[in-house]
Amino acid sequence: MATIIIHKDRCTGCGYCIESCVYNSISIESGLAVIDDSCQMCGVCSSVCPVDAIEITTEEKKDTNLSEYKGILIFGEAKGSNICPVVYELIGKSRELAAELGEKLFCVVLGHNINEQARALTGYGVDEVYVYDDPNLSVFKDDIYTDLIVDIVDNIKPSIFLLGATSVGRSLGPRIASKLQTGLTADCTALSIDPDTRLLLQTRPAYGGNIMATIICPNSRPQMATVRYKIMKRAEAVPVYKGGFTSLEYVADSIRDRVKVREILEEEEEESLIEANIIVSGGNGLQNREGFSLLEKLADCFGAEAAVGASRVAVDKGWIDYSHQVGFSGKTVRPRLYIACGISGSVQHLAGMSRSDFVVAINKDPAAPIFKVCDIGLIGDLYDVVPELIKELEKAR
Amino acid sequence: MEGLKILVCVKQVPATTDIMIDNEKGTLIRDGVLSEMNPFDKYAVEAALQLKEKCGGGITAMSMGPPQVEEALREAIAMGCDQGVSLTDTKFAGSDTLATSYTLACAIRKNGPFDIIFCGLKTTDGDTGQVGPSLAEELNVPHVSYVSKVISVENDVICLERCMDDYREIVELSLPILITVLKGTIEPRYPSFKKRRMAKEAVIPKWTAEDLNGSEERFGLDGSKTRVIKVFHPRSRDKGEFLEGNPKELSANLASKLKKMNFIK
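The listed protein sequences correspond, in order, to chains A and B.
Taking our numbering, the leading residue of the first sequence gets 1, the next gets one more, and so forth.
Taking our numbering, the leading residue of the second sequence gets 1, the next gets one more, and so forth.
Isolated chain A, as found in the complex (with noise of 0.2 Å):
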């Protein structure tokens, strides 16, 4: 059974991991750390000990063919008949890992009149595009894309296998991980290969973006991970590159399908935020609905790339759709020009922006964390200050 002990000789009784823990699992005695039974392994307090005087061990069981897997399997999810955008971030990622790695980069797709769409995916480093492409497959359904993807798996070992932090991956990717027994991280923010173990270093955000933590799958195969969208850099085509392509047969035996889908129904608005080379977003400093008119007035001096976006106070308060929420708990953006309007620019409103290329921030409160992300900040009144910006990009036009 795993334990946690205090290397006595150590510590010297600082009291940090007590400040550490959320359990409330430690306290000192005699000047040395003491851990009681609610301690929940966290691992928390090991991390932040100045000494390194807080050791877990673990019986530590590897799986035994760890050696057999190679190389990295990314999932090339497919909306109808055309290939996410998602994926070609994870392209771009992996073809760094692998190419650290000096392995290969493998793709499965599976869909509906999808062959060329993922043929293409060759034309950016992938090394092997697998593919299922049949009728049963033209909506996403997780029994029967958990148990092709495991027998892919099976097949082909990869070390690593990545999906897309969507809806979909989010839904799938525990399925699979349990089928299979190994290990899977959410939402990663940053991937890279630890030089001395080869193990692939995860990193996410928790507690709501307020800390990182970087997590690794030592003892099972494959390390799997769903990436968080639009933090990636996207693949670039490589001209020259030629990949292999694999076309499968869909045998329905041994597949399940539990779920019937009665009907589709497509949401038209928004993913506009997403793909938004520009946003103009708005927070509290808007004060009501019709602060967004504005907004929307000043995106509009920028064309059809800029969408507004907005805080979570503003959504929470009614202002606007929470399609527009940009933020930890709404949607992660990474446009080219962000400019925060009267938002002050909470840990988890930074979360979902802060990669953006440029960020303007217009704010009254000169102390608003805001500016602490921004590359050129505006300190005023958004009421004054917007109006007269609109003027003078009409003018700059």
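Hints listed in this document are in silico derivations from the structure and should not be mistaken for laboratory results.
Each hint should be verified, as a subset may be incorrect.
[Stated by the list, open to error] Some chain A residues judged to face chain B by a derived CB distance under 8 Å, without partners named: (1) Met1; (2) Ile56; (3) Lys61; (4) Lys179; (5) Thr185; (6) Ile211; (7) Ala213; (8) Ile216; (9) Arg262; (10) Leu265; (11) Ile376.
[Stated by the list, open to error] Derived coverage of chain A by chain B (criterion: at least 3 residues anywhere in the stretch with Cβ under 8 Å from a Cβ of chain B; other residues may be distant): (12) 26 to 39; (13) 43 to 52; (14) 166 to 174.
We put the beta carbon where it would ideally sit given N, CA and C, even for glycine.
With chain A held as given, fit chain B onto it using these hints.
Positioned in the frame of chain A, the structure of chain B alone reads:
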């Protein structure tokens, strides 16, 4: 039909996610210790209660974690669940989503079978949303995630509305199933003072690893395939420049910069 056998999985989480790291010391500064039911789970409980009110049956709330999880279970009972079961053992400590799902699955096999298992969309602390689908796979039942509406349950066939990133779908399947419930389409009820007091008196069985008939090496940290090796504070960007002047000057200055950067064509 004598009604549905319903299970809701809940978790006790810190009441605040405003956890910051002191960058100099590298320590976490946390305001709240485990102190409320995961807000997403309240929607799962509410959905379960509404289904029970429509179709009859009984609801069991289940939670794995430190002894404090009893609080989440009492909250679920105060909201209207019929009973609670806590899975508490130091052997469960350090569970990742895979080990958690396995442990819940063992307890469900012991207490079940259930017709419908409700889970919240995700938790506010770990924030993975993985336990629901993972648990469904452990139990080999189908799951439907992001459920926005339970449309009907008739003759063991359930019809649901599910909200994906950019489309909704109406799905139909036979029980038993597991669903994860989306936040926002229903409002969780607020338990009355009287119900809260009654829930305080409820006897909540506490199951340990020994009660579960599982393989011990799959519980807790030993059964977890992932390891946290580092925890740190997200790094902030370099400081930008502040423009000076009255609103007109500020705007003119900004507009010309944006023009230079080709944001305005």
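Tested hints:
1. The criterion of a C-beta within 8 Å of any C-beta in chain B is met by Met1 of chain A, whose closest approach is roughly 6 Å, and the hint holds.
2. With its C-beta approaching chain B no nearer than about 7 Å, Ile56 of chain A sits inside the 8 Å limit, and its interface hint holds.
3. Evaluation of the Lys61 of chain A hint against chain B yields a held restraint, the C-beta minimum of about 7 Å falling below 8 Å.
4. For Lys179 of chain A, the shortest C-beta to C-beta distance to chain B is roughly 5 Å, which falls under 8 Å, so the interface hint holds.
5. For Thr185 of chain A, the suggested interface contact is upheld, since its CB lies about 6 Å from the closest CB of chain B, less than 8 Å.
6. A distance limit of 8 Å between C-beta atoms decides the matter here; for Ile211 of chain A the minimum to chain B is near 6 Å, and the interface restraint holds.
7. Because the beta carbon of Ala213 of chain A sits about 5 Å from the nearest beta carbon in chain B, less than 8 Å, this interface hint is met.
8. With a cut of 8 Å, the hint placing Ile216 of chain A at the interface with chain B holds, because the nearest CB-to-CB distance is about 5 Å.
9. Hint status for Arg262 of chain A relative to chain B: holds, with the closest Cβ pair at about 5 Å, below 8 Å.
10. A cut of 8 Å between beta carbons decides the hint on Leu265 of chain A: the least distance to chain B is about 4 Å, and the hint holds.
11. Annotation: Ile376 of chain A was flagged as interfacial toward chain B, and the flag holds, the nearest CB pair being 6 Å apart, inside 8 Å.
12. Only when three residues or more bring their CB closer than 8 Å to a CB of chain B does the claim for the stretch 26 to 39 of chain A stand; here the count is 3, and the claim holds.
13. Residue count for the stretch 43 to 52 of chain A with a Cβ under 8 Å from a Cβ of chain B: 5. That meets the three needed, and the coverage hint holds.
14. Judged by the Cβ-Cβ criterion of 8 Å, the stretch 166 to 174 of chain A is covered by chain B as claimed, because 8 of its residues qualify and three suffice.
Violated hints are absent here; each numbered hint is respected by the structure.
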